[in-house]
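Participant: Listed in order, the protein sequences are those of chains E and U. Take any residue in the first sequence, note its place counting from 1, add 120, and you have its number in this note's numbering. Take any residue in the second sequence, note its place counting from 1, add 34, and you have its number in this note's numbering.
Keep in mind that the hints are not guaranteed to be accurate.
Part of the chain U face toward chain E, derived, beta carbon under 8 Å [unchecked claim]: (1) GLY98; (2) TRP195; (3) ILE385.
Cβ pair distances, simulated, as ranges [as the list claims (entries may be wrong)]: (4) U:VAL248 - E:THR128: 28 to 38 Å; (5) U:GLU412 - E:LYS251: 43 to 53 Å; (6) U:VAL248 - E:THR145: 21 to 31 Å; (7) U:ASP426 - E:HIS140: 53 to 63 Å; (8) E:SER171 - U:ASP426: 50 to 60 Å; (9) E:GLY244 - U:LYS299: 45 to 55 Å; (10) E:LYS251 - U:LEU362: 37 to 47 Å; (11) U:THR320 - E:ASN243: 44 to 54 Å; (12) U:GLY400 - E:PRO472: 44 to 54 Å; (13) U:GLN447 - E:ALA148: 55 to 65 Å; (14) U:GLY241 - E:ASN137: 39 to 49 Å; (15) E:HIS140 - U:GLY99: 16 to 26 Å; (16) U:GLY99 - E:ASN243: 43 to 53 Å; (17) U:ILE270 - E:ASN253: 52 to 62 Å.
These aren't lab readings, by the way, just hints derived from the structure by calculation. In this text, a Cβ means the ideal position worked out from N, Cα and C, and glycines have one as well.
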Amino acid sequence: MIKNNRLTVEEYRQNFNDIHPPFETKDAAMVEANRCLFCYDAPCIKACPTSINIPKFIKQITTENIKGSAHTIFLSNIMGAGCSKVCPVEKLCEGSCVYNLMHEEPIHIAKLQRYSTETAMANGWQLFKRKENTGKKVAVIGAGPAGLSCAHMLAREGVDVSIFEKEKKGGGLMTYGIAAYKVTPQFCEDEVNYITGIGGITIEYEKEWGKNIFLEDLQSKFDAVYVAIGVGLARQLNIPGENLEGVEDAIDFIYRLRSGGYSNVPVGDKVAVIGMGMTAIDAATQAKRLGAKEVTMLYRRTEEEMPCTDVELAIAKLDGCKIIWLAAPAEILGEQGKVTALKVSKMALGAPDASGRKSPVATGEEFVLDVDMVIKAAGQTAFETLVTKAALANNSGKISVAEKSVTNIPGVFAGGDCVNGGKEVVDAVQAGKDGAEAILHFLNGKN
Amino acid sequence: MADISSNFLGIKSPNPFWLASAPPTDKKINVLRAFEAGWGGVVWKTLGSQVKNVSSRYSAVNYGGHKVMGFNNIELISDRPLNINLKEIEECIKLFPDRAMVVSLMADNDKKSWHELIKKVEQTGAHGFELNFGCPHGMTERGMGAAVGQDPDIARMVVEWVMEAATIPVITKLTPNVHSVVPTGKAVVEAGTNGLSLINTIQSVTGVDLNTLVPNPYVGGKSVFGGYCGPAVKPIALKFLTTIAQNATTKKVPISGIGGVSNWKDAVEFMLLGATNVQVCTAAMTHGFRIVEDMCEGMSNWMDEKGFKTTTDFIGKSVDTITHWEDLDINYHHIANINQDKCVHCGLCYIACEDTSHQSIQLQYGKPYNTYSIKEEECVGCNLCQLVCPVDNCITMQEHRVAPEYINWKMWQAEGLPLNDH
């Protein structure tokens, strides 16, 4: 049965508590910071999509120059605080820490980054001063990581930025699409306010491209437009029964959880989650933590090919989620319009596909899982209709760009998930920086 | 099992580890705890005329997340009444007759005061005296401590007074607050001291508080120079020790080594450079008396490995390896080698060499890991890369002699060999 309010207030609090708690004390941060070897041309910097000077910011913690430390982080990544909570650091900075090669615990870079950035945010330190106003105005569509990062860099350079956001809050997937035990809605709001605190950035909420804002209007009112609309539509399974009550998109499910309060979000007794990416893990663990009795994750390939990291998989396993490898949904079965079971095809790995991964092939064997809810987390697709209508060159909805962010329409730039099809928050932040750079170049050329 | 027992001027102790004259040896309760923990002996905190202390008394230098790399103090000699000290010394000797009990003295600067103090202390049954000619703060202003040790003539005079009265061995403790400890060392040996100990603490300012802008240790808005000690001073102590161990006059008497001794390895190093035993203070003050356990076990294991049966087998063994620069072999050359299997690609060797040495390391870019290798023809063999490498035995120095024969600077000059090899 799908129902809400399964747990007590205390249970919800515990289940959605910070999964990676911060350093409790300055001493604890110091001990960890002092472990850092201060590598030269450090692997961790190269592994960070935004190239944060990690050894420098850690060294600055050891000298008690926390303001300097936070500045070092924000200089490369204005969402350094959020990234410290949501980045899959095990495959980025921490995964490349040289301590791994000594078979030692890598430096807890994310935790140290959180220490400096949260200290800066808590103290309201605005560490950047805007350059003299250039008189230029740029419109940004989407207040997610790419849009905010682009806006902050433009604001720093003396450009006025108006961001148009379809939701009621900024932060994009950070606010609406990530497991609640990683970032709280309050933190996301604080982070947006901290970023816009530099001045010169306004956000207009509930402005949706194609509904109440249009590209031509923005082009006429602004010197340039940055498109950072992300991806939105959950990939459909295209199997019978997909419209039954109890079939949900993972992003919608997490969105409701993030915006509506935990006890208001209904969840089934027995939940199947389709997919094995980060969002699938988030959806599965959140369903379990909302009180689902049984959560089963299905992935059509094996652990070798899964898109999530080992750390994420471990979280799901520790939460008690069951994992079935080489299993693809074949049909969702229902009674009276409601999900009652999931018919699953057993798969085997065949020859490598275009992505280089071995492609799953149906063995013909099937089994049925007794479930009352199915969460689809098989990836998201880009806003193909929207961008095609706007005459933006694209590839299945992914906006085509030259030099990282220049679209086919002069004065229109794009970056983040709407270009790359969906990557990490930290990739979007870098895309925003690249976009701002291209826009500044364009604005200067216009003089 | 090696025999680590020690005999210093006939004063026997089960091991060569004494606690130096300092706060840990100020009271019976501390000294008994030290003996129970296993310390071989103590030098009781300096007795003299009545003084008064201030607070705070200590400050420290921390480094790289480690506390108390260096330590300083502005405490004076014992501020407890003399008769209490004497009574407690006697009691400690009775309770632990196998341990060394040496008493540090600093009398007022006249013969009569010294003679009276010596007489009183000898009645306790103490095994020896240590003359405090080194305390760099508080007492110097009164013409005592380092004020005596810094002037060889005054030091000679005081030792002569002491030797007239003392019937037990006398050790003179030297101050490092001089350009060389040898002049005072020679003077006091000539005046008859039976042994020497060094170093006392070094005048210092450990740092300035960046909020109050007042240096440490803080005493009501002011500070004074304090005596520096702890691990940070060990290299300075070893240097002074070596000069005493090498001088023809001073090397005739046994030396008690002091200055940053924190573990058995430090102790062995002091003894290799001529100390018969060592005295410890800061390490005990920062970790308690229990550190002596590993000092004994570590030294004993090392002696077994090296085949030394008693401490006298290795005392002074390294003294002659410290020579003059002009006697070093110019044809000796070694070159760094990076073991690629052990390298963790931290780049610390590269940046140290590139920025501050001889640009002898090759960086081959990789993402995320660069590869580093030695440019053998450029390497001068300075050791910097090896010193900064975080991996044990990853960078080794490999011998590549320039020529087989020994040639030093004096010979080089005499033969008129070319100087500029760049």
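Participant: Hints broken by the structure, by number, lowest first?
Facilitator: 2, 4, 7, 8, 10, 11, 12, 16
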